[in-house]
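**Student:** Take a look at the letters that make up each chain.
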Amino acid sequence: MQAYIQGTTRLLAGPFDAGALAAALPGHRTVEDAADPPRPFRLLDSFDGAVRGADQALIESGGRWLVVTGAGAVLAAEVPKGARRLADLPEGPVRDALSQVSALRSFRTLAEGRMASRRIGIVDEEGKTVARLDLLALTAGGAEVTLMALRALRGYGAAFRALAAALPAAGGPGEITARLAPGLIDPKPQPVLPDDPTAADVAHAIIRAGLVTMRETEAGIVEDRDTEYLHDHRVALRRIRAVVGLFQGVWPEETRAELKAGFGALMARTGRLRDLDVYLLDRAAFFDLVPASLHPGLDLLFARFAKDRAAERRALARWLQSPDYAAARDGLAAHFNVPGGPPHGPEADTPALPYASALLWRRYRKTVTAAAAIGPETPDEEVHELRIHAKKLRYLLEAFAPVFGPKALRPLVKPLKALQEELGLFNDASVQRAALQAIPLGDGRKAGRDKAGRGKAGRGPGHGKDDLALAASLGALTAVLDQRQRSQRQRVEAGLAQFLAPEVRDSYSAQFRHKGA
Amino acid sequence: MTTIACYSNKGGVGKTAAAVNLAHLAAASGRRTLLCDLDPQGASGFYFRVKPSSKLTRDRLFTKADRVAEAIRESDYPGLDILPSNLSFRDFDVFLAAMKNSRSRLKKALKAAGADYDLIILDCPPNISTLSENVFRAASRVLVPVIPTTLSERTLEQLHAFFDETGLSRKKLVPFFSMVQAQKVLHRETMARLREGYGAAMLEAAIPFSADIEKMGEDRAPVGVSRPRSAAARAYGAVWAELEPKLARKSKIA
Numbered sequence: 400m401q402a403y404i405q406g407t408t409r410l411l412a413g414p415f416d417a418g419a420l421a422a423a424l425p426g427h428r429t430v431e432d433a434a435d436p437p438r439p440f441r442l443l444d445s446f447d448g449a450v451r452g453a454d455q456a457l458i459e460s461g462g463r464w465l466v467v468t469g470a471g472a473v474l475a476a477e478v479p480k481g482a483r484r485l486a487d488l489p490e491g492p493v494r495d496a497l498s499q500v501s502a503l504r505s506f507r508t509l510a511e512g513r514m515a516s517r518r519i520g521i522v523d524e525e526g527k528t529v530a531r532l533d534l535l536a537l538t539a540g541g542a543e544v545t546l547m548a549l550r551a552l553r554g555y556g557a558a559f560r561a562l563a564a565a566l567p568a569a570g571g572p573g574e575i576t577a578r579l580a581p582g583l584i585d586p587k588p589q590p591v592l593p594d595d596p597t598a599a600d601v602a603h604a605i606i607r608a609g610l611v612t613m614r615e616t617e618a619g620i621v622e623d624r625d626t627e628y629l630h631d632h633r634v635a636l637r638r639i640r641a642v643v644g645l646f647q648g649v650w651p652e653e654t655r656a657e658l659k660a661g662f663g664a665l666m667a668r669t670g671r672l673r674d675l676d677v678y679l680l681d682r683a684a685f686f687d688l689v690p691a692s693l694h695p696g697l698d699l700l701f702a703r704f705a706k707d708r709a710a711e712r713r714a715l716a717r718w719l720q721s722p723d724y725a726a727a728r729d730g731l732a733a734h735f736n737v738p739g740g741p742p743h744g745p746e747a748d749t750p751a752l753p754y755a756s757a758l759l760w761r762r763y764r765k766t767v768t769a770a771a772a773i774g775p776e777t778p779d780e781e782v783h784e785l786r787i788h789a790k791k792l793r794y795l796l797e798a799f800a801p802v803f804g805p806k807a808l809r810p811l812v813k814p815l816k817a818l819q820e821e822l823g824l825f826n827d828a829s830v831q832r833a834a835l836q837a838i839p840l841g842d843g844r845k846a847g848r849d850k851a852g853r854g855k856a857g858r859g860p861g862h863g864k865d866d867l868a869l870a871a872s873l874g875a876l877t878a879v880l881d882q883r884q885r886s887q888r889q890r891v892e893a894g895l896a897q898f899l900a901p902e903v904r905d906s907y908s909a910q911f912r913h914k915g916a
Numbered sequence: 013m014t015t016i017a018c019y020s021n022k023g024g025v026g027k028t029a030a031a032v033n034l035a036h037l038a039a040a041s042g043r044r045t046l047l048c049d050l051d052p053q054g055a056s057g058f059y060f061r062v063k064p065s066s067k068l069t070r071d072r073l074f075t076k077a078d079r080v081a082e083a084i085r086e087s088d089y090p091g092l093d094i095l096p097s098n099l100s101f102r103d104f105d106v107f108l109a110a111m112k113n114s115r116s117r118l119k120k121a122l123k124a125a126g127a128d129y130d131l132i133i134l135d136c137p138p139n140i141s142t143l144s145e146n147v148f149r150a151a152s153r154v155l156v157p158v159i160p161t162t163l164s165e166r167t168l169e170q171l172h173a174f175f176d177e178t179g180l181s182r183k184k185l186v187p188f189f190s191m192v193q194a195q196k197v198l199h200r201e202t203m204a205r206l207r208e209g210y211g212a213a214m215l216e217a218a219i220p221f222s223a224d225i226e227k228m229g230e231d232r233a234p235v236g237v238s239r240p241r242s243a244a245a246r247a248y249g250a251v252w253a254e255l256e257p258k259l260a261r262k263s264k265i266a
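Going line by line, the protein sequences match chains A and B.
Last residue of the first sequence: 916 in this note's numbering, with the numbers rising by one and none dropped.
Last residue of the second sequence: 266 in this note's numbering, with the numbers rising by one and none dropped.
Be aware that one or more of the hints could be misleading.
Claimed, not checked - Pairs of lysine to any residue, SDA-like flavour, derived with a Cα cap of 25 angstroms:
| no. | chain 1 | residue 1 | chain 2 | residue 2 |
| --- | --- | --- | --- | --- |
| 1 | B | LYS63 | A | ASP432 |
| 2 | B | LYS63 | A | GLY863 |
| 3 | B | LYS63 | A | GLY520 |
| 4 | B | LYS63 | A | ALA702 |
| 5 | B | LYS184 | B | MET203 |
| 6 | B | LYS258 | B | SER152 |
| 7 | B | LYS63 | A | ALA421 |
| 8 | B | LYS184 | B | GLY209 |
| 9 | B | LYS63 | A | ARG883 |
| 10 | B | LYS227 | A | GLY556 |
| 11 | B | LYS63 | A | GLY556 |
| 12 | B | LYS63 | A | GLY461 |
| 13 | B | LYS227 | A | GLU525 |
Claimed, not checked - So these bits of chain A aren't anywhere near chain B, every CB distance computed over 10 angstroms:
| no. | residue |
| --- | --- |
| 14 | GLY520 |
| 15 | LEU552 |
| 16 | GLU622 |
| 17 | LEU645 |
| 18 | ALA807 |
| 19 | ALA875 |
| 20 | GLN887 |
Keep in mind that the hints were calculated from the coordinates and are not lab data.
Every value quoted in this text rests on a predicted model; they were computed, and no experiment measured them.
We treat Cβ as the ideally placed atom computed from N, Cα and C, and that holds for glycine.
Take these sequences, add in the hints, and give me the full structure.
**Tutor:** Given below as structure tokens:
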């Protein structure tokens, strides 16, 4: 017998009770057709809950993955042992069903338990089977859910309909997760605002939510489950730091400085690893940028990236598990665990709406001024400054979106987002170019040197065959990125006109101007 | 879609038992199979625990082909469906005689229901009639169980003559020995004579007389299921193995 069921199912909260069937069809009885012994299973999802977000449940057991879809279908696939990401799955319906899960994210275990499958036959007075019921019972931590698939036999439609009507349905796949993994912490919670929030309420809610994400991502970074744990960790820190940096007057200056320094220090520890992750993730794109003859040099470059990355990851893992980190993190978090939060500054109790309007209008004006000043002759530094202004404006729009209402700020975000994308690409090219130029050559980790530091074949450091290959590739990459940066700069200038258009100004003005306290 | 028939002009020769067990073996081999019980005594349906269909009256089988589909019942065995008999079938001969183009009707009705099947097995009533003739035309093979006695010899000759007279190909006929009691001299001698007379047309495999087959009425299941290690089960397996290559290609059960 198969250890899983396929086809359309419905869910039962709890164990299955045959009594309901007997009542539906008088004179009929149930027989046990087949039963598999219980075996272990795991309930899986990505860190960001993409599986349950798509109204699905994902189960792993005995080398198979089962997807229970919102429509009640159960899809199954044999999956190699140790599969952690979508790319590890064979092509097929299971992989397709999980397409909304990011390819970069690994699957983690939400719950573990035992699953048992049975097939029951419903037979009439003659002993003829009129319908079959496949049952998959999942038990974890004292809770149980049962997936049922009722199978019709041709010519016995009336019996099928009577049974189908008698079988209760508890809900969708979300019920599986809710029952088997209760108390699951949302790792990326939405900030919770009280009614009529003040500026401090908004600030503290965002920071508290960010602290949850920081906490929840630590294990994934330490265990190197995938690159996105660190990314999520940094995004959370970024949001916290944006609040600390931009929400003026919410705290006394002393408190603000402490928060700024504290969160800044935590962020600083993560930058290098993230940079290396991004290089390695973009590896294919880099190879596409230079001709094949220079690829060996790139291989060396990326081998070094990989080695550095491993070292950085170990260092960060050590840091995250250290008492110093725990003390720093908990010390910062303690500010927000106290009822009422940290000490109040002059603007703390200002109602959020006027506070936000004033802040947003000021920031918008600064962004517009910076944007309007840019022309073909403007130095690159000013373009970078504009990027910073735009970023701050965006953070404020996102932070205060719940206060204004979910849809109110969308028309304002749209043109800003378009500008930010162009600025972002410009920045990427600049940063990468600068980083590549900073890579030292002949630093003693090359194949061209022996243990005593002497170059092989009598050559000095930095001139071995590998060094030349690396240098050539770096040179080519730099030239390409340089060109890219320049053409991207032109695109930025072209995109500014859209952001500076009168309609955009009018929409910002209507929303924020003269609405301050 | 291939159609075969189980036919005998006499009752009690193991015709229905053969239809039942061969249908089960065919389905188990991966062919989607429909066993049609055209015999008013309705024994093959009984062996599968399927109640006779009240939906199907004689005229409906031939005027409304979709009614056939409604009357089909899935058996308890994968890939095997049953079209149970109906007492009204006994009036078929009279009815068919009155119809024009009656010979092609059965074929059409079966085709309409048969879109789903790789193999249709017709369990025929024990008589010569318009229905039988319809069956002979619709089937690509006609399995004829023969108890190896002198009387059976004559019956088999008459059947071949009938085929000749009505322009049906003798090659369709697949006679095989049934209810064989090997210890009886009469049986052994008759078998030798018939093999010599009919040559390769007679199947090598034969079904022994068996209490296990008689007990099918109690077990209400194919012997391959209820008594898989019996001589009877092995014998039906041998008949199927010999018959299978003579049929058209199969397609797998989905």
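**Student:** List in ascending order the numbers of the hints, as given earlier, that are violated by the structure.
**Tutor:** 2, 4, 9, 10, 12, 14, 15
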